[in-house]
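Residue numbers (this note's numbering), protein chains in the order written: chain A, 844 to 1264; chain B, 844 to 1264; chain C, 844 to 1264; chain D, 844 to 1264.
Some residues of chain D that are not near chain C, with every Cβ distance over 10 Å (derived):
1) A861
2) S934
3) G1182
Covered stretches of chain C (in silico footprint by chain B; criterion: 3 or more residues with CB under 8 Å from a CB of chain B, positions within the stretch not fixed):
4) 1051-1058
5) 1089-1096
Only some residues are given here: those of chain D computed to face chain A with a beta carbon under 8 Å:
6) V1058
7) A1201
8) G1205
9) F1220
10) N1223
11) P1249
No lab work stands behind these hints, which were simulated from the structure alone. Just so you know, even glycine gets a beta-carbon here, dropped at the ideal spot from N, CA and C.
Number of protein chains: 4
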Amino acid sequence: MHTATPSQRSRTAAPAFAEQYRRVRAVTTDLCRTLVPEDMVVQSMADASPAKWHLAHSSWFFENFLLVPQLRDYRVFEPGFNYLFNSYYHSVGGMHPRAERGLLSRPTVAEVMRYREHVDEHMLALIGQRAADPAFAALLTLGINHEQQHQELLLTDIKHVFAANPLQPAWRTLPAPPATRSSPLKYIACPGGLVQIGHDGQGFAFDNETPCHRVFLRAHALASRPVSNGEYLEFIRAGGYSTPALWLADGWDSRRRQGWERPLYWNAEMTAEFTLGGLRALDADAPVCHVSYYEADAFARWAGARLPTEAEWETLAAPQPLQGNLMDSGWFHPRSAPGDDAQQLFGDVWEWTASPYAAYPGYRPPPGALGEYNGKFMVNQLVLRGGSCATPLSHLRASYRNFFYPQQRWQFMGLRLARDA
Amino acid sequence: MHTATPSQRSRTAAPAFAEQYRRVRAVTTDLCRTLVPEDMVVQSMADASPAKWHLAHSSWFFENFLLVPQLRDYRVFEPGFNYLFNSYYHSVGGMHPRAERGLLSRPTVAEVMRYREHVDEHMLALIGQRAADPAFAALLTLGINHEQQHQELLLTDIKHVFAANPLQPAWRTLPAPPATRSSPLKYIACPGGLVQIGHDGQGFAFDNETPCHRVFLRAHALASRPVSNGEYLEFIRAGGYSTPALWLADGWDSRRRQGWERPLYWNAEMTAEFTLGGLRALDADAPVCHVSYYEADAFARWAGARLPTEAEWETLAAPQPLQGNLMDSGWFHPRSAPGDDAQQLFGDVWEWTASPYAAYPGYRPPPGALGEYNGKFMVNQLVLRGGSCATPLSHLRASYRNFFYPQQRWQFMGLRLARDA
Amino acid sequence: MHTATPSQRSRTAAPAFAEQYRRVRAVTTDLCRTLVPEDMVVQSMADASPAKWHLAHSSWFFENFLLVPQLRDYRVFEPGFNYLFNSYYHSVGGMHPRAERGLLSRPTVAEVMRYREHVDEHMLALIGQRAADPAFAALLTLGINHEQQHQELLLTDIKHVFAANPLQPAWRTLPAPPATRSSPLKYIACPGGLVQIGHDGQGFAFDNETPCHRVFLRAHALASRPVSNGEYLEFIRAGGYSTPALWLADGWDSRRRQGWERPLYWNAEMTAEFTLGGLRALDADAPVCHVSYYEADAFARWAGARLPTEAEWETLAAPQPLQGNLMDSGWFHPRSAPGDDAQQLFGDVWEWTASPYAAYPGYRPPPGALGEYNGKFMVNQLVLRGGSCATPLSHLRASYRNFFYPQQRWQFMGLRLARDA
Amino acid sequence: MHTATPSQRSRTAAPAFAEQYRRVRAVTTDLCRTLVPEDMVVQSMADASPAKWHLAHSSWFFENFLLVPQLRDYRVFEPGFNYLFNSYYHSVGGMHPRAERGLLSRPTVAEVMRYREHVDEHMLALIGQRAADPAFAALLTLGINHEQQHQELLLTDIKHVFAANPLQPAWRTLPAPPATRSSPLKYIACPGGLVQIGHDGQGFAFDNETPCHRVFLRAHALASRPVSNGEYLEFIRAGGYSTPALWLADGWDSRRRQGWERPLYWNAEMTAEFTLGGLRALDADAPVCHVSYYEADAFARWAGARLPTEAEWETLAAPQPLQGNLMDSGWFHPRSAPGDDAQQLFGDVWEWTASPYAAYPGYRPPPGALGEYNGKFMVNQLVLRGGSCATPLSHLRASYRNFFYPQQRWQFMGLRLARDA
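Could you build the full structure based on these sequences and the hints that come with them?
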């Protein structure tokens, strides 16, 4: 991750940082306001974590990487938490097995909330002391962005918990987004050539967005908007899920083994989908969501197109205004968008790219435990771009690289088509 | 299960039944009084169930088998519960997969408590109307005994939840049972011959205890008390867990696959064990507990003895007074016992017998869904006898047959030695 | 296993033993006469072994338990074989994993044949020296019976290999057994009471058939013949495979997991079955074969009957002449039998009993490695009685106890019904 | 795959093609000359195939893609083979499950050899008729290259079979390659910039090597030779296998799950390795071989370097002469090489690159079933470059892209280091 910019290093940094810290931390807690303790314990699959675990782990991150090393006389809230809430930092020590996070009834939700308060109180003290130190500010900003990543995960994980329950409870009473007709899909041409991608050094970015570097692109075109539910239904009705020639070999195996016949969360009749607001009629104009890379890739092949590379995507997105149906808009679900030009690059659904998640040329992970943050996952995953309806606006940018395994579907994942010129 | 006796059929049956019903139901609730909602959701392995599930399922049992068919105008509390809380009755309809009981955050604990109250209220009304009907009384008694079975399971399952937590929380603050020296193990001879075992028709029994029938026994002898922790430690120190010749072939495979090196819940140093009262020093004189059939069998072979058959066990136990360290004594853990004669046949630990769980000659399961209660499990399991420190006294008798798979260890399971004359 | 009878101890024992040894060993080799080396290497599932392995292991048994300890100056054929061909004798040393027997291309079939010749040559020398020694004679007889057990396994295992091949090759060109109408099934009553079962000490028996002991039986009746293919078809057509109420709980799980819809080796149309002579029309009058215990038990429940206990079976079978459709008759497949009285107790199909495989009262395994022969398998399996069309006549007797896991189907397994009086 | 060049389209093409076909097919058969039928049936893991299967599948490829569509009146040798020997072409029809190739004892090796002869005879007739047709020539060339790919697989698969056998048989009596001191590792600098990679259209190439395209490279340097056994031993001795910080997260999981502590085929003492010539002393100067991508990546991190991208590798290799320790040199094992400049780019070991196997920009798979040849594997695998001691010289070129999963180790796989300038 990048160091803070000079303007953040001023004397006046502390109040702004404190405010930002408080605001982001409050969002996490607020996402849980409709949850009962029972909801916050369950782990519905190994890929997901209990809400309680997210609340505790994001606090542990601040405690372990900022309070312990930097706040004089700080005493950890509970020594056992270092083992329980370390996610994957071998450099920090042992950790509770990921797939067993749902076995932990204790600490209770109330204790975790006290843990958060304890961490917040000391963090605010530390911010007061150290905000002007660029190294501290960088770590703090990383912690805040880390918290925001767990906000999105908390939402996708609780959605999975509720969907696994035959009673299908809603997370919140949520209005359905207004339905509009999506505009006909058109292609936006790009002449290619040498382009620059990656983070340019202004503001925060994760280490995996750097260094900024040149990539040679062929002439190509990207779709003006993501693929819609209606278009995806056509693919299904055309036999997409029973035609191996459309699928990658590993994708076909995955489809068979998992019994996929439609996107995750669709009902068997394909008329409704489970949302954070409960079961809701399928909007044919909204972007299709909760499809794996394998499904996205098969759809693209069926459509005579392909998925974009991340460099192609970023080249189109970088000049666009950073706005869209993000977490802040409060729908918590993708929605249709009627515009004509490049639409919905940000928000609604993370867009699978054809790019395997790999190091940018010259990439170097930071030293120490935080070197484990991103670098060690650079194999077997694919890059997704653009954020979703569960991503905080202040967390996103055009160079942002999200990454998941090709068989994963529980994030707000969709796709945009591309084709060669 | 047997029909009620004539004396229960009198007009005065209702108040007694109502009192019994109320008392037993209250015990279940009371077992949860120190639990927070978080504790009651977790399922720590497929064999165990969340406390919340036990609370709901035992209510569903009354609702489904008594209220729905017999109480005029009864409306089920929540139709979805029939699917969620049906344990294994295919005749009743579909059911939530056993291994996914821990995925259900809803209904909440509070809702389940309301469900219990709803069922209790209507059950008491129904008891007032129907107590004099022998068929009703038989079903009611079955329901009450079913409730008691789930009390023991609730305890063993919550113990497993807490043991899986690195923080090792205690279920309750419990005093350790007073430690006494156990008397030297001696053998009590039995001449054998034709004996009668099984339930004789007085009072309630499960269908699997019938019919009462004759069995021919050889002369043999049974140990005066269960094997102790101290004796089991000798077996371990003598290499018991690394000597395949002592083990059944399937047992040795199980030991290797699971990495068993000592009883479940012992610490690695073999100085302490996890109990419902938390981690506690190992009492060498108390009966060894939480061993599988395979371990019990290997110990017996090492000791130059064998496990008793259930007929041998019942022949010794039947004349003994029905008393011991049961749930009612409040220790919730096996304890040492100093007596000289036949000791601890009832309570402390369920004793593995050498008898596979099979139908008694002439056994017939009851018609309808309740035929699924016991009969369909009569394969692959072994009989255990005598109840444990988590069994209610009023639930037990000498003919009682408990049954588990040979690799299971999480019940309060121990062993008593036998040998041929 | 029992010691030889006094008559075998005479001076004249050697030629008779030599002749018996030669004859039995030649049968094994002859069973392979139509096999090519490729056939003899394949292991089609972990339960089965390659033909080559059977040829080598049965030789290793003689080498390890007779030649090495008793023949002066004997040199083992190849030291590496002790590891490769030890089946399950931990007391003898390490062993090649059972499921990986099919990975061994070497030793070649030709080398294994040389190994057999080497062992035979030295065994005949040893028989000449030691036949009069009762302990030697007992071990030799055990080895010969062990060889015969592997003859049956070799046949069932090669059948499984060929059935797994889409080309469905025949083991041999075999005529179909003559089809006759089976007589109507009737029940043969037994008054019950104290009976004696187990081996009585005359001639060879395995240790698990001893000691002879008394069992108390209720009045009951056994079917005059095994269940036929035609009767089993009725069960299937009546929905037997889709009615959970007919099945043991573990059986229903097994059925679902394995996708069972009919006996092993039947074609999907249920008009033909794969046999050692290739695919052949299903004979409705022949005994049903290749069903698991779970299927046998479900059929019996559907038929309003039950499976017999092994004591009931032995009581009926003991007075019958030891004859039937055994390996010696050369059909290598069950056949219909028209008789009216107790039919087909011996031969055709091993009959599943309701008796878990357990030690007889007072059973003691022999000391040393041969104590592992039978005793350590006395859990989780069920007893089958009566031999099959793949059992050598000279290997069988009424007290013979075969045993398999309830989910296994690849042996020649069928069932006979029983009911209470 | 590319079409043949104009020079191949001449009238004189037939004899040259016939000679090439005969020569390549003969090499396959010759690789089996020391094998007995037993060796050729075994499948030692799902990733590998029996030698017999390779012999048959490569013949089926010619039969299915050339003889059936193009040779008038051709009759397939055996219709069942289409199912048995189709590897993964869904467009062609169903196929025998990959993991069950080792269950097929039939067809016998002799029958497969007759199948080969049948195909060869008809292929030579077809070549005589059609060699001048460019489309035919392209398919024929593809079939010949396909045959060569299976030559290498046959070798790596039979090595795995023999290594799984405790007797550790040698494939052939092979001399060890002469041991020389490897020169000190040095780095060869490359200034970077826009380079062109991929196949340029002269001669045969697989479709996945096209289109030729531009890539922008940073300045970097590549090691002069692969990493040696001696260097890899240092990594192990420095704790490389017990330091999670050196590993990708998925790599560390793989290491733990599989229990990796050293390269595949090394003995526990790390003094010897199993080769096609049997167990042989480890040559510290020879390239390390049989390491997974995860191990290669961890070694590079430990060495303060990284793996090269495939574009970097190709840029260095393209100008080098196409020569090295390939299959033709007859060592069938990597050997040390003393030279000073860029060494061993071709032959010895396939070199893991950091490049996920993905489509080149503008890549289009060919239409029809042959579109399944390469394209559907473009996910989850990594590219390896340069050929190995088991690759035929005439099969290789600088643009050749091999690909395997990151956990696979049984190919002749090693690594070359890279670093940024």
